[in-house]
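**Q** The chain contents come next:
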Amino acid sequence: MKHGKYPLILTFLVPPLLLYVVFVVSPYLQAFQISTTDWMGYSAQADPVGLANFKALWHDDYVWNALRNNVVLLALVPVLTIALGLFFATMLSMGGRRGRAGVTGVRGGAFYRTVYFFPQVLSVVIIAALWKEVLHPTSGLFNGTLRAVGLSGPSWLGDPRFAFWCVLAVMVWANVGFYVVLFGAAMSAIPREIYEAVLLDGASRWTTLRRITIPLLWDTVQVAWIYLAIAALDGFILVQLMTNGGPNFSSDVIGVRMYDTAFGSETKFGYASAIGVVMFFLTLSVAVLALRAGRRERIELS
Amino acid sequence: MDRRDILRRGAAAGLLATPAAGLLAGCATGGGGDSGDGKVYKGTKSAQNPLGVAEDAPLEVVIFSGGFGEEYAKAHEAMYTAHHPKAKIKHSATQEISKTLQPRFVDGTPPDVVNNSGAGQIDFNGLVSQNALADLGELLAAPSLDVPGKTVRDTLLPGAVEVGSYDDRFLVMNYTYTVYGIWHSTKLFADRGWEYAKTWDEHIALCKKIKAAGVAPWTYAGKHPRYMSWPLISTAIKFGGTSVAVAIDNLEPNAWRSDAMRTAADAWHQIVKDKLILDGSPGLDHVQSQTAWCQGKAAFISCGSWLENEQKAVTPAGFNMTVAPTPSLGAGDKLPFEAVRGTAGEPFMVPAKARNVAGGLEFFRTMLSKQGAQDFTRKVASLTVVAGATEGVELPYGLSTVVKALDASGDNGFNWVYNNYYRKLERNLVDAACGEFFSGRIGPAEFLDQCQKGADSIAQDSSVKKYKRSA
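Protein chains in written order, with my numbering: chain A, 350 to 651; chain B, 3 to 473.
Simulated from the structure, these hints should not be mistaken for lab results. Possibly wrong hints are sitting among the right ones.
[Unchecked claim] From chain A, some residues computed to sit far from chain B (all C-beta separations above 10 Å): (1) Gly399; (2) Ala534; (3) Pro540; (4) Ile543; (5) Leu548; (6) Leu549; (7) Thr556; (8) Trp567; (9) Val572; (10) Tyr576; (11) Val637.
[Claimed, not checked] Straight-line distance between alpha carbons at most 35 Å, and here's what the computed DSBU-like set of lysine-lysine pairs gives: (12) Lys467(B) with Lys404(A); (13) Lys200(B) with Lys213(B); (14) Lys404(A) with Lys101(B); (15) Lys314(B) with Lys381(B); (16) Lys200(B) with Lys189(B); (17) Lys381(B) with Lys44(B); (18) Lys47(B) with Lys381(B); (19) Lys275(B) with Lys101(B); (20) Lys470(B) with Lys404(A); (21) Lys41(B) with Lys88(B); (22) Lys404(A) with Lys41(B); (23) Lys200(B) with Lys101(B); (24) Lys467(B) with Lys88(B); (25) Lys76(B) with Lys455(B); (26) Lys404(A) with Lys455(B).
[As the list claims (entries may be wrong)] Residues from chain A that face chain B, not an exhaustive set, calculated with beta carbons under 8 Å: (27) Gln394; (28) Asp396; (29) Pro397; (30) Thr487; (31) Asn597; (32) Ser614; (33) Glu615.
Think of the CB as a built atom: it goes at the ideal place given N, C-alpha and C, for glycine as much as any other residue.
Please model the complete structure; the sequences and the hints are all you need to start from.
**A** Okay, here's the thing in structure tokens:
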């Protein structure tokens, strides 16, 4: 071990570290540096402007508007996704109570599990295209159904009252399946005896979920929370493909703002980097806060 | 400091932990321009080679693969190599121009010819203000490739040079000639006994008749509502004269709230108020709305002359789409009914730091030859900026109506360029205002206020370079 140790460690450690530094750390650092310049993206010239970009950001109504939408996403997407995920996972692994003794899932659980996971298999681009057609104002599934029962639906993505909520709903829909599987897997690690005991005590499903399942799944829920919070602060792909922030900026998010500023209607790479830096700190603080807020005593199962 | 130097030094020293600052200078913004091994190709000018193309210089062409595809460009490249057999052409096509090429612009190694178009188009204001584009003036003065006795400039349609000029420097070669107007199906109109109306009052009356017959008079691309700004601004220009457009292009205070714009917006508000628009249009994108129109669900749609090619797959046989000018507001209009907005479109450029600038210009000369233009029109059913290039080419129905509309319009044709000067103003700000206006959520006065607010925000943005035009 004396001679061979360092070459071995170096061989295995240096290449990935180098890749990480070159492709992850250095772009991050560069974004910070570029955010303090007026770089317009298509020449090598970039003059330092100090914090001017951040000052302009502070007064940019479009950025604030986008940020507001991100806050709504942050408040709702994790809650709804986790609630639905927990509900479905519980029903699938211990929802069935009629007819048989013991703790079982609802009938057809395997089928549901597969169906819920479907959206996770599709790429986000396909999900967006799919829902655009479902929400098509004249020939879409929604308005077609509404028309069949004699109602006329709104133009969904073309209506500022609905566009953002449609995107939010799709975001939840696309994520739930994964968390059903994640929570389901975590639940199967909970000893059956606990549930049987609870059952004998006559606890309702709701009590079981609240008092037994969630406390025992807390670590998993917390991880889910952080992932979803980060996803909610992003939301770029879905929004860009479904509405591109419209109509009239009603479904804009900060990621779309950043993209549009650099690659879309302008070439202000310095300003876009400033938006990126703000996003970085927002995401970081949300993740840290979520970890702090969720800190509870861990329950050992064995 | 230069990117290559840093990399070389870094590699030589075998540095594993290059200081972050060094990387910063090396990667994104510190790129090196045309120093170092950047070889620039130049040949000697002669009567046969007026642009001074180096015979063996390779040429790199990047095409936007959108509605026109890339086959036409390959044909142009073949014509180029026929004249310059020693030149090797590197051809590529992408839908993401800005993302693909941005790093190469920074690095100082851009391709020689770029078709900067589509949704991923690079904002021209940014390119021009950073001096990233080569001056194409020399191309205009060069003799045409196959029209004897004429320079390239002499062979172009009026307005073709102005559109690509910034502060009187010709930087962008817009290759196609696009007519913007209101489209309808000749077949649908003949079947129902309708006739296109020449005045606004008649237009509204016709719309009501169409609605009574169970067809929606109008539809539009609700996701890209700026399509509806085109007929609205056209109406204003025909009412108030071309100075309306100049004021808008020059970001003059209250240009959007001029009397002409106000009158036009009031007129167009009628189709919103009287519900003369297909239900659900605000939720349709351009393809969806154009398809609904092709299916006969709506009678009118606003679009440019690329419409026919874009809708090729879904247009029923015998549909016979026809372009028509916007209806006149009345006898007081400054321009006649026949006046249409015609403009050069589909931008091509030669980056200032391209290795083979002369070759890029020569490639444009090939495109602008009669042979090149005719081949393009034949392949993609679109007009080019080359005058008379449609001679002897059989045009599809829609395009033939475009040619007729252009002829009828003659010297009364008009255009605006604020969308080229300030991409964000049209793509984002006027777009959003049109969405609110044509879905009926705001009235004409608020619509113009919102447009004006957008124009003012651009005017006040010191990081955006401003351009003026006089006529």
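**Q** Hint by hint, which ones does the structure fall short of?
**A** 19, 22, 23, 24, 25, 28 and 29
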